[in-house]
Amino acid sequence: MFGLIGHSTSFEDAKRKASMLGFDHIADGDLDVWCTAPPQLVENVEVKSATGISIEGSYIDSCFVPEMLSRFKTARRKVLNAMELAQKKGINITALGGFTSIIFENFNLLQHKQIRNTSLEWERFTTGNTHTAWVICKQLEINAPRIGIDLKKATVAVIGATGDIGSAVCRWLINKTGISELLMVARQQEPLALLQKELDGGTITTLDDALPQADIVVWVASMPKTIEIDTDKLKKPCLMIDGGYPKNLDEKFQGENIHVLKGGIVEFFNDIGWNMMELAEMQNPQREMFACFAEAMILEFEKCHTNFSWGRNNISLEKMEFIGAASLKHGFSAIGLDKHPKVLTV
Amino acid sequence: MHNELKITVMQTLESNKKTIEESINPISLDLPDFTTDSYKDAYSRINAIVIEGEQEAHDNYISIATLIPNELEELTKLARMEMKHKKGFTACGRNLGVVADMEFAKKFFSKLHGNFQVALEKGNLTTCLLIQAILIEAFAISAYNVYIRVADPFAKKITEGVVKDEYLHLNYGQEWLKENLSTCKEELMEANKVNLPLIKKMLDEVADDASVLAMDREELMEEFMIAYQDTLMEIGLDNREIARMAMAAIV
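Protein chains in written order, with the numbering used here: chain A, 1 to 346; chain B, 1001 to 1251.
Fair warning: there could be bad hints in the mix.
Unchecked claim - Derived BS3-like pairs: lysine-lysine, alpha-carbon spacing no greater than 25 Å straight-line:
hint, chain 1, residue 1, chain 2, residue 2
1, A, K176, A, K153
2, A, K89, B, K1111
3, A, K152, A, K176
4, A, K89, A, K17
5, A, K73, B, K1200
6, A, K73, B, K1178
7, A, K89, B, K1178
Unchecked claim - Simulated restraints, written as ranges between beta carbons of each label pair:
hint, chain 1, residue 1, chain 2, residue 2, range
8, A, R146, B, E1234, 32 to 40 Å
9, A, M20, B, M1102, 43 to 51 Å
10, B, D1238, A, K152, 52 to 60 Å
11, B, T1066, A, W122, 46 to 54 Å
12, A, I142, B, K1193, 21 to 29 Å
13, A, K197, B, D1238, 23 to 31 Å
14, B, Y1167, A, K197, 46 to 54 Å
15, A, E318, B, N1239, 54 to 62 Å
16, B, E1234, A, H305, 54 to 62 Å
17, B, D1238, A, E318, 38 to 46 Å
18, B, N1239, A, D230, 44 to 52 Å
19, B, A1091, A, K197, 32 to 40 Å
To be verified - Here are some chain A residues the structure puts well away from chain B; computed CB gaps all over 10 Å:
hint, residue
20, Q40
21, N92
22, N117
Hints were generated in silico from the structure; no laboratory data involved.
A virtual CB, placed ideally from N, CA and C, is assigned to each residue, including glycine.
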């Protein structure tokens, strides 16, 4: 069995969904009630791979909402309780979606192995970051030429280069794509210097310097609440891949020949017959999902029951190639600009 | 003309600097000072509740045995275990030099105690099991699980042993209700409507004392809801039924 741990994108949204699902006691509750709500296993689903293999899985809502980020202890409990539920249900491999893996990493939850009478087995969980990184790279390789960007001549900026996904994307771009130049932007300078040394390439720079030079911008940073960018200074055409969480590149901005692509989203070859991605506001909820969720499915299809993506900076090219090949084999593909055209013209 | 790309988002980690700073602090810093007067004062009531709770559990299991005589042996075993727990918790208070406020504790349990006695007299086994094997046990387990994280080393060890036993009791009530669900569901729902709000009130009543012991009200409530939901799920109720039952805790 595979598992997916997800959450709503806002408190209001969560209440609406809870009401739809018949969880009236929390739908009517205020944020304090939600802070005391247990995780919910909301859906079981069967998925059939393009190869014909069938697997079963469950979707668990942790009852976390982003408004809880200011309550560290609450956020920590939501993640750990959802993980405990997944393990108690006997799920082999569970992906930590949305903020779940970010909270796990940033709040150092590895030190909380014991949850009540359950000792969490880390090998049952994956951040899904390897697949997300691979999908973002594929989206870049496939879609840039479509809008007239020649990869061999392209300058690519990775914003959030030192994160788990960001560093993997940099590694792939340098070694696998033949791009002209890689610009690496991150808040912390020390890990950036280490990454540059490891890659033996890439230029360390700032966001302000990188944007006007870049043909392609990969956003994998958790963004500050408001950033203002002068779109007149961006190159045209420009491909922007929104690979972070939340997907916070506002779709309404105006700029000629700027193409924004939702990064790290995949499409399955067949309808899945579940409700959960509708709740995650996918455009084609029967087929589209976060690549990190798809990683848990792929690992279950492959009977690869291990914490495939775990910790920071452990994503190797070999792992990306493995998960990428398996992803294609079982019927997943990265969504492209043709799926969700967002060419914005003034 | 400049076209501004304005990125507005839901909450992010960066917009919550305080959260990150808090998360870096080791958990051990949350431990209270067990020697202060305020700690001991709060402990005198919390400790008494726990001791009285174990006594109630003992008496209730003995009483339940009168309704299902063929379970006498099993229930007597459970009751004995509760007395062992009571001794353990009495030792915890003694270890800190605290005298438990038993008068407070008796009053604390009085309503739930009264409801149990009425159900017992009427022979309403389902109600008795809901009160003892689900509500009181879930209340105890949730409180113990939270307490373990902030207890003094002596009490921590004792409480860890108790929690292991308590999970067995939950299972006991679960099993009976599961087997008899078709005939007892209506009574279960009714009894829940009356008694779950009492648990909520009890939690609220001890919230201030519990917070002196570094036990967070929100965490206590969540732990309770997890134990409660798990039991109802095991009994065979579906998500919607559980949601309807849990509703009684917030109105």
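Evaluation of the provided hints:
{"no.": "1", "hint": "A:K176 <-> A:K153", "result": "holds (15 Å)"}
{"no.": "2", "hint": "A:K89 <-> B:K1111", "result": "violated (36 Å)"}
{"no.": "3", "hint": "A:K152 <-> A:K176", "result": "holds (11 Å)"}
{"no.": "4", "hint": "A:K89 <-> A:K17", "result": "holds (23 Å)"}
{"no.": "5", "hint": "A:K73 <-> B:K1200", "result": "holds (21 Å)"}
{"no.": "6", "hint": "A:K73 <-> B:K1178", "result": "violated (35 Å)"}
{"no.": "7", "hint": "A:K89 <-> B:K1178", "result": "holds (19 Å)"}
{"no.": "8", "hint": "A:R146 <-> B:E1234: 32 to 40 Å", "result": "violated (53 Å)"}
{"no.": "9", "hint": "A:M20 <-> B:M1102: 43 to 51 Å", "result": "holds (48 Å)"}
{"no.": "10", "hint": "B:D1238 <-> A:K152: 52 to 60 Å", "result": "holds (58 Å)"}
{"no.": "11", "hint": "B:T1066 <-> A:W122: 46 to 54 Å", "result": "holds (48 Å)"}
{"no.": "12", "hint": "A:I142 <-> B:K1193: 21 to 29 Å", "result": "violated (58 Å)"}
{"no.": "13", "hint": "A:K197 <-> B:D1238: 23 to 31 Å", "result": "violated (56 Å)"}
{"no.": "14", "hint": "B:Y1167 <-> A:K197: 46 to 54 Å", "result": "holds (51 Å)"}
{"no.": "15", "hint": "A:E318 <-> B:N1239: 54 to 62 Å", "result": "violated (42 Å)"}
{"no.": "16", "hint": "B:E1234 <-> A:H305: 54 to 62 Å", "result": "violated (26 Å)"}
{"no.": "17", "hint": "B:D1238 <-> A:E318: 38 to 46 Å", "result": "holds (45 Å)"}
{"no.": "18", "hint": "B:N1239 <-> A:D230: 44 to 52 Å", "result": "holds (50 Å)"}
{"no.": "19", "hint": "B:A1091 <-> A:K197: 32 to 40 Å", "result": "violated (58 Å)"}
{"no.": "20", "hint": "Q40", "result": "violated (7 Å)"}
{"no.": "21", "hint": "N92", "result": "holds (21 Å)"}
{"no.": "22", "hint": "N117", "result": "violated (6 Å)"}
Checked against the numbered hints given earlier, this structure breaks hints 2, 6, 8, 12, 13, 15, 16, 19, 20 and 22; the rest are met.
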